[in-house]
Amino acid sequence: MLLELTAVTKRFGGLLAVREVNLQVQAGELVGIIGPNGAGKTTLFNVISGFLVPEAGEVRVDGRDITGVPSHGIARLGICRTFQIVKPFGNLTVLENVMIGALTPLRSVVDARDEARRVLVRCGLGPWQDVPAKSLPIGLRKRLEVARALATRPRLLLLDEVMAGLNATELKGMVGLIRDLHAGGLTVIVIEHIMAAIMRLCQRIVVLHHGEKIAEGPPDGVSRDPRVIDAYLGEELALT
Amino acid sequence: MVTRYVTQWLPGIFFGLAAATPLVTRDAFFHDTVILILMWGAIAGAWNVAGGYAGQVSLGHAGFFGLGAYSVALLAVRWDLPAWSGMAVGAALSTIAGLIIGYLSNRLRGPYFALATIAFAQVLLIVASRWRELTKGSEGIPVPFRPGFATLGFPSKVSWIYVALGFALAVWAVQTYLEHSRVGYQLAGVREDEDAAQALGIHSRRLKILAVAASAALTSIGGSLWAAYIGFVDPFYVFSIDLSIEFALKAIIGGTGAALGPFLGSLLITSLETYLRAQFSGVRTGFTGIYLIIYGCALIIVVRFFPRGLAGALAVAGRSGAAPVPQPADAA
Numbered sequence: 001m002l003l004e005l006t007a008v009t010k011r012f013g014g015l016l017a018v019r020e021v022n023l024q025v026q027a028g029e030l031v032g033i034i035g036p037n038g039a040g041k042t043t044l045f046n047v048i049s050g051f052l053v054p055e056a057g058e059v060r061v062d063g064r065d066i067t068g069v070p071s072h073g074i075a076r077l078g079i080c081r082t083f084q085i086v087k088p089f090g091n092l093t094v095l096e097n098v099m100i101g102a103l104t105p106l107r108s109v110v111d112a113r114d115e116a117r118r119v120l121v122r123c124g125l126g127p128w129q130d131v132p133a134k135s136l137p138i139g140l141r142k143r144l145e146v147a148r149a150l151a152t153r154p155r156l157l158l159l160d161e162v163m164a165g166l167n168a169t170e171l172k173g174m175v176g177l178i179r180d181l182h183a184g185g186l187t188v189i190v191i192e193h194i195m196a197a198i199m200r201l202c203q204r205i206v207v208l209h210h211g212e213k214i215a216e217g218p219p220d221g222v223s224r225d226p227r228v229i230d231a232y233l234g235e236e237l238a239l240t
Numbered sequence: 001m002v003t004r005y006v007t008q009w010l011p012g013i014f015f016g017l018a019a020a021t022p023l024v025t026r027d028a029f030f031h032d033t034v035i036l037i038l039m040w041g042a043i044a045g046a047w048n049v050a051g052g053y054a055g056q057v058s059l060g061h062a063g064f065f066g067l068g069a070y071s072v073a074l075l076a077v078r079w080d081l082p083a084w085s086g087m088a089v090g091a092a093l094s095t096i097a098g099l100i101i102g103y104l105s106n107r108l109r110g111p112y113f114a115l116a117t118i119a120f121a122q123v124l125l126i127v128a129s130r131w132r133e134l135t136k137g138s139e140g141i142p143v144p145f146r147p148g149f150a151t152l153g154f155p156s157k158v159s160w161i162y163v164a165l166g167f168a169l170a171v172w173a174v175q176t177y178l179e180h181s182r183v184g185y186q187l188a189g190v191r192e193d194e195d196a197a198q199a200l201g202i203h204s205r206r207l208k209i210l211a212v213a214a215s216a217a218l219t220s221i222g223g224s225l226w227a228a229y230i231g232f233v234d235p236f237y238v239f240s241i242d243l244s245i246e247f248a249l250k251a252i253i254g255g256t257g258a259a260l261g262p263f264l265g266s267l268l269i270t271s272l273e274t275y276l277r278a279q280f281s282g283v284r285t286g287f288t289g290i291y292l293i294i295y296g297c298a299l300i301i302v303v304r305f306f307p308r309g310l311a312g313a314l315a316v317a318g319r320s321g322a323a324p325v326p327q328p329a330d331a332a
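If you read the protein sequences in the order shown, they are chains V and D. The first sequence begins at 1 in the numbering used here and counts up by one. The second sequence begins at 1 in the numbering used here and counts up by one.
Everything labelled a hint here was simulated from the structure, so no lab data went into it. Yeah, the Cβ is synthetic: ideal placement off N, Cα and C, and Gly gets one too. Take the hints with a grain of salt, since some may be wrong.
As the list claims (entries may be wrong) - Here chain D is said to cover these stretches of chain V; the calculated rule only asks that three of the stretch's residues, wherever they fall, bring their Cβ under 8 Å from a Cβ of chain D:
no., region
1, 86–92
2, 107–120
Unchecked claim - A few chain V residues facing chain D, derived, Cβ under 8 Å:
no., residue
3, T9
4, R11
5, S49
6, H72
7, A75
8, R76
9, F83
10, R148
11, T152
Stated by the list, open to error - A few chain D residues that face chain V, going by a derived Cβ cut-off under 7 Å, partial list only:
no., residue
12, Y185
13, G189
14, E192
15, D195
16, Q198
17, L200
18, G201
19, I202
20, S271
21, E273
22, R277
23, A278
24, G312
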C-alpha cells in the first residue's frame, strides 16, 4: 500500500474539518476526491503533505508512519502536492520555478535546468520558460504548479483543484496531462470541486462531506449513491 | 547589445578600477574614499545575503558590525591579541547571534522581524555603553596600532585598498554563489513563497537560519576590518540604528537582486556623502546636515524610478537592446 490513512481526524477549534477518514491508495492508482465546499478535501491534503498534523489517526507511506513528518520531509519521500490557490515563485522565470523543484532530487544546477526543460515541454509550457511566473495567466499557472511538482520526481502526486478556473480548452489539456502522467506509472490523487471532469478521469472516487467520507468506489456507483446526491443537493453543479 | 556587455563586465570594471586606484592617484583622501566604498559595499552585500537573497529584512545589522568591531578592539586592548583573532571571535559570536536571529525569523515575519533585529542591536548598544569595566562605556575604545600583518596594522592606505578589495571580492563571490548554486535557487524559492518551497522538499527554516547566520558573520568581519582601519570604536556609532539602516539602504538603492548592487549603492552613497561632507563641513557654512537631505532625495528617486535599484536599472537598459522576451499567445 503506497498511502494509507487510518482514522485521520483534524480539528480547527470547534470545527471538525476531517473526521476519522480512512483511505488507501495503491501504487499506480488514479484516485479522485470530491465533495462540496468545506468538505475537508484540502485539509486532508494538508495532513498527507505534512502541512498540518492530525489530532488523531495515522498516515502511512509504504507501511511507514509519517504522521508529524514536516512538509519538506514528506516531499523528499516522494509525495508532492500542488496548491489550490497557486503559489508560483512570481519573480522567477517559469524555468527557474521548475528548476527549484528539480533541485530536490538533483544536486547539479545544470542537470536541474535540463530536467526542468524536459518537464516544461511535457507540460506544454516550453514556450513560456523565460517568462516571469507572475505574468502567466491562471490556466498556465495551474500547469506550472503541476510541472514544478513533477520536477521533484514524485511517486505520489497530490493535485489540489488544478482544473478549477480553466476554460474548456485548458481543461481538456489538463485532463490529457493527468492521464498521460498516470499512464506513465505515476500514482495521482486529484481533488476536484467540479465533478464532470473527475468522473471521466478517475477509476475510483472518494466523496467527503462535512469532513467525513460518505462514499467511495467507481464513478458510476458513487454518482448514484443517495448520500452523495443528498450532499450535492442544491449545488448548481449537477452530477453528469 | 553594447550595454548588455557593460552589465556583464561591470563587476570586472568596478573591482578593476578599485584595484588600479593606487596607480592613478596618490591622493590619500581619494584612497580613503575608495577603501570606504569597498568596505561599506561589502557590508551592504553581507546584509543582502539575508535581506535580499533570503528576504529577511534586518534593521539590526549594526549589532553584528559592532560585535566584530568591539571584538577586535577589546581583544587587542585587554588581552593584547592580534586583530585576526578578534575578527574570528567576532565572527563566531555573530554567527551564534545570527543563528538565534535567524531562528526568530521563523516566528516573526516581515515588520515584526525587522523590529526584533532593531531590539537586538539596541541591547548590544546598551551593554557596550554601560558595561564600563569591560568596554569603557560611552568613551569608546581606541584600537592600538601595531604595525604588521597579524595585527592588521598597515601604515599605508594602499595596503588597505587591497585588504578592503579582498573582503569585497569575497562578499561578491558569496552573493554570486547564491545566484547560481543549488542552495541559492532554493533560497530564492523560500523568499518567493515559503509554503511552495516546503512542498517541493526544501527545508525552508534551516535555509533562512543559515542565510542570516552567514550574513551576520560577514557583517561582523566587515566591522572588524573597519575597526582596525579607523582605529577607534564608539558604541553609539557601531551599534547605531543609523548604521543598520545605511547597510539596508545601500543594498536597496544599489539593487538587492544582483551581486554588484550593494557595491553600486555604496559607490553612489559613500562618494556622495564623503563629497558633501567635505564641501559643507564646518558649522560656519550652515550646511552641516545637508548630506542627509540629499541622501533622502536619492532614496526617493531610486525607489520611485528604479525599484530594482541601480543594478536593476542597468540590467533593464542592457536588455532593451536585445531581443524581447517571447510572449506566446494562448497555445493551451
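Mind listing which of the numbered hints don't hold for this structure, in increasing order? 3, 4, 20, 21, 22, 23 and 24
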